[in-house]
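First to last, the sequence lines map onto chains A and B. Position 443, counted from 1, in the first sequence is what this note's numbering calls 426; the numbers after and before it change by one each time, with no gaps. So the mapping is simple: this note's numbering equals the position in the second sequence, first residue as 1, plus 16.
None of these hints come from the bench; they were simulated from the model. Among these hints, one or two may not hold up.
[Said to hold, decoys possible] Just a few of them, taken from the derived set where beta-carbon distance is under 8 Å, the chain B residues facing chain A:
| id | residue |
| --- | --- |
| 1 | I130 |
| 2 | L142 |
| 3 | N147 |
| 4 | P148 |
| 5 | A150 |
| 6 | S151 |
| 7 | A260 |
| 8 | A262 |
| 9 | H268 |
| 10 | L294 |
| 11 | T296 |
| 12 | W298 |
| 13 | P300 |
On a predicted model such as this, the values are computed, not experimentally measured, just so you know. Beta carbons: idealized from backbone N, C-alpha and C, even for Gly.
Listed below, chain by chain, are the residues.
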Amino acid sequence: MAPTRRGPAPRLIFGDLWPFDPAPETADPKLADRYQLFIGGRYVRPRSGQYFDSINPATERRLASIPRAGAADVNAAYAAATAAFRRWSVLPGRERGKYLFRIARLLQDRAREFAVAETLDGGKPIKESRDFDVPMAAAHFFYHAGWADKLEYAAPGRTLRPLGVVGQVIPWNFPLLMLAWKLAPALALGNCVVLKPAETTSITALKFAGILEDAGLPPGVVNLVTGAGETGAWVMGHPAAAKVAFTGSTEVGKAIMRQLAGTDRRMTMELGGKAANIVFDDAPLDQAVEGIVNGIFFNQGHVCCAGSRLLVQEGVAARVIAKLKNRMRMLRVGDPLDKNTDLGAINSAAQLATIRRLVAAGEREGAELWQPEGRLPAQGYFFPPTLLTGVTQSHRVAREEIFGPVLSVLTFRTVDEAIEKANNTAYGLSAGVWTDKGSRILRLSTELKAGVVWANTFNRFDPSSPFGGYKESGFGREGGRQGLLDYAARA
Amino acid sequence: MPRLPITKTPKVYVGGAFIRSESARTFPVRDAAGHFHSNIPQCSRKDLRNAVEAAAKAGPGWARRTPYNRAQILYRLAEMIEARRTELGDALVTFGARAADAAEGLGVAIDRLIHYAGWADKYEQLLGSVNPVASPHFNFTVTEPMGVVGVIAPDSPPVLGLLSMIAPVIASGNTVVALASETMPYPAILLGEMLAVSDLPGGVVNLLTGFRRELVPTFATHAHLRAIYAAANPEERRVLRTGAAAGVKRVHFVDGGRGAWLEDSAQGLEPIRDFVELKTTWHPIGS
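Okay, chain A solo, but in the shape it has when bound (with noise of 0.2 Å):
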């Protein structure tokens, strides 16, 4: 066996002998200058006559005109959504999982032109949007196809039926794929569909149009309105609705279930995370550094379950946070439609601003804040790879959901100590641990009170797992039969 080096990783600076040549991607996202709404199978103009500019958070430049959806307008969908469900609940499951099956294949052959225009809209890298969010999208309908005709053998002593009218609002941090962990599960088990993207990517959502006209989705099953907060809270609020599914912050979850209490409408809610991503002294370190680093800079942080607060147990803190520097100064941060880019954009101005004052607060809080070196693009919302060490458990930006790419370091002795620690958080979305041990992986994940625990790996996602949080972080799930059992009504 090779000795162990102790002291810090010598720093590799192969980055500044070679630069990296553009190669950006050049695939037509095929881009309407005006988007309509799409109500009843049909492209059809806000009442109000209002649109608002999408823009692109890498250049700050125009891309297309969203319709602000109105009151009327939503009414609306919601009445085309109400008159397809007659049709459409009885519809054989064989037949509706038909429609689901064609989705997913025409996802799949637009799924270039999809990722750029998810780029562009939204500022997540292209490797991402290419490689994970727009096949994960046509995977997530391929999936739910399959239970359209499954029903009866989903829930053991329960027959299945859909709940009606279903009423979604989805984040930004991945406009496509929220779409489709909200409308595959819905529409197999027969319900049809009010959903509202979110102000700043809509793009993704709209283009989506197309693809159910292309697949000859019977009209008004599925409805897209798009506006800015007041047109999310119609969507949640509208007594049509049988249920209400929202992902999103925290905050937003909290005023959707004091806005419902009156009423009987079913919930689920997908809300904010503080995820602990604890690394053990056994641990496979340089394996763990990648982990940590997929964990907090996949789509630049902005991710409900980002692995945010790093515990490192003591006697191997320096080490991995001198790799973990080492691994962040390759990190490339700049074009978003650079296939060889890591981080992209910041989703948005207000969201640059948050990320920059949590930053800020961490650092008058005492921890210390390291970023590599390099230069950001003078254009465009951007923020570099963050470090903070010398955290403690009461600093806000060990509690508050930075949603950016913002990595807080604390560190523990015990297993006892890491445990108490990860779990002292009011969110429970997932958790992370590195460990070549087993049997200690087995006991972190029964004692870590996250409903989902990634062992010496993180950010998975597949449309057969449960996806989820516990205590504020949300309650339902998104994904496999679980899943599935959220959009069904009771016996």
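Following the hints, complete the assembly by docking chain B onto the known chain A.
Relative to chain A, chain B alone:
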């Protein structure tokens, strides 16, 4: 001269002990004929908080018990009630139930405990799963108890309603703070005495008596109650759901009319599913 009987001082069962309300308040209950029966503890918000503390303390130990052990303890509880069903039935009749109805309801309640005793080591195989992910990972979903669950029982039927709600919640390893019937609280006092001798560890089930209007808002907002299971009217539902928003608490209601509690459809896997969390673990395969 006839012997003067000893009357019982009703006390609530909290943390494995029989206590009066910390507030020292009571409210009188009368039997069906209108005669004074006894003074029932009028539990306060502080009593509720104390009960939550007791339930939280009992939680980890109860959750760690094997499902087989929890099953046997639920079965033991049924044995204890079966042995004293005449006494419990008499109490129901004292407060106005027809003898036949009381007997039928108690029979169903005891059978329902047996039903859930049997579930304790079976629901996991139906609610959990191994998930065929498209990557080299062993991926599995298991259930976990939520923690301390607040149960708000219906006023009627006082025993069947309360037991039907408690049993599925504790079967999976949760602990319970329950508010018993306000209009017919005495049977729940008796039930506490049976819980105490049933091998159920102290603090797993805590029974409070008192006024709904006083306690429901605290059930709604208490941060350490992870979930609420309630038989509630529309206004109470609104209060519970509004309070639940602050901590993203899980809230489920029962829609049992009087007769519905007797039906087999009032039991099953769903009430268990409502009070477990699902946890998915990813473990790499290979090297």
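Going down the list of hints, with the structure as the test:
Interface restraint check for I130 (chain B): the shortest CB-CB distance to chain A comes to about 17 Å, outside 8 Å, so the restraint is violated. At a threshold of 8 Å, the smallest CB-CB gap from L142 (chain B) to chain A is about 6 Å, leaving the interface hint in force. Nearest Cβ of chain A to the Cβ of N147 (chain B): about 4 Å, under the 8 Å cut. The hint holds. With 8 Å as the threshold, the beta carbon of P148 (chain B) comes within range of chain A, its nearest partner Cβ sitting at about 5 Å, so the hint holds.
Given hint, A150 (chain B) at the interface with chain A, holds; its Cβ is 6 Å from that chain's nearest Cβ, closer than 8 Å. With a least beta-carbon distance of about 7 Å to chain A, the hint placing S151 (chain B) at the interface is held under the 8 Å criterion. Interface hint status for A260 (chain B): upheld, as the beta-carbon distance to the closest one in chain A is roughly 7 Å, under 8 Å. Taking 8 Å as the C-beta cut-off, the interface hint given for A262 (chain B) holds, the closest approach to chain A being about 7 Å.
Given hint, H268 (chain B) at the interface with chain A, is violated; its Cβ is 10 Å from that chain's nearest Cβ, farther than 8 Å. Taking 8 Å as the C-beta contact cut-off toward chain A, the hint placing L294 (chain B) at the interface holds, the least distance being around 5 Å. Interface hint at T296 (chain B): satisfied, since its Cβ lies 5 Å from the closest Cβ of chain A, which is below the 8 Å cut-off. Given the 8 Å rule on beta carbons, the hint for W298 (chain B) holds: about 5 Å separates it from the nearest Cβ of chain A.
Satisfaction of the interface hint for P300 (chain B) is found here, the shortest Cβ-Cβ separation to chain A being roughly 5 Å, below the 8 Å cut-off.
Consistency with the previously given hints fails for numbers 1 and 9, ordered from lowest to highest.
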